[in-house]
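Engineer: Given chain A, work out where chain B should sit, using these hints.
As given, the protein sequences belong to chains A and B, one line each in that order. For what it's worth, my numbering labels the leading residue of the first sequence as -14, then goes sequentially. For what it's worth, my numbering labels the leading residue of the second sequence as 303, then goes sequentially.
Each statement offered as a hint is correct.
Derived SDA-like pairs (lysine to any residue); straight-line CA-CA distance at most 20 Å:
| no. | chain 1 | residue 1 | chain 2 | residue 2 |
| --- | --- | --- | --- | --- |
| 1 | B | LYS359 | A | GLY(-14) |
| 2 | A | LYS95 | B | MET390 |
| 3 | B | LYS372 | B | ASP353 |
It is worth saying that the hints were derived from the structure and are not from the lab.
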Amino acid sequence: GNSVTQMEGPVTLSEEAFLTINCTYTATGYPSLFWYVQYPGEGLQLLLKATKADDKGSNKGFEATYRKETTSFHLEKGSVQVSDSAVYFCALSDYSGAGSYQLTFGKGTKLSVIP
Amino acid sequence: DVKVTQSSRYLVKRTGEKVFLECVQDMDHENMFWYRQDPGLGLRLIYFSYDVKMKEKGDIPEGYSVSREKKERFSLILESASTNQTSMYLCASSASRSSYNEQFFGPGTRLTVL
Chain A
-14 GNSVTQMEGP VTLSEEAFLT INCTYTATGY PSLFWYVQYP GEGLQLLLKA
36 TKADDKGSNK GFEATYRKET TSFHLEKGSV QVSDSAVYFC ALSDYSGAGS
86 YQLTFGKGTK LSVIP
Chain B
303 DVKVTQSSRY LVKRTGEKVF LECVQDMDHE NMFWYRQDPG LGLRLIYFSY
353 DVKMKEKGDI PEGYSVSREK KERFSLILES ASTNQTSMYL CASSASRSSY
403 NEQFFGPGTR LTVL
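Isolated chain A, as found in the complex (with noise of 0.2 Å):
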């Protein structure tokens, strides 16, 4: 079955440093991959997402290549803020069978980023 491996947290950083998220996935099909993030308290808000291989997702300064040779989709940033401090999660989107496609994600990675 597809699964979904990301670094485990929690991640703390100083403001302005590098980040990155390091997510590889299995699947049996051709997925879409996703970043999703969840700030304190709220709801996942899709961060960024690459539907082939070869495919750069950009959003808010993050970055993530879909790599199909080593199944990775790693997300990263050259500057974080105390802003992007959340919950990060990496996903993939693969037919389900039951006529509709599903996700499947990764088990979240806090990054808290200090001043």
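Structural biologist: This is chain B only, laid out in the frame that chain A set:
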């Protein structure tokens, strides 16, 4: 903007009670989902629906049921709540049946079962 709303942000119930969690989306999405979120386990899919009156089991359907009588509304039902169902419940919706369509999430309901 897509809006997904959930009936309660916080809910406290007693063991054995019947619990209804309601979710409404306002963008005419075909697909709706219920997840539970637990620390260290991420999000796990309970049930989903891709059409009115249609439902499919997710990864952890035991102890839950769902109802979708109208396209915009998807209800999660705990027939007899138990303490191990204390969790954060998230509803989501998405348009059509496509791999690259994102899911839009509600703010969540934190359920405590005493």
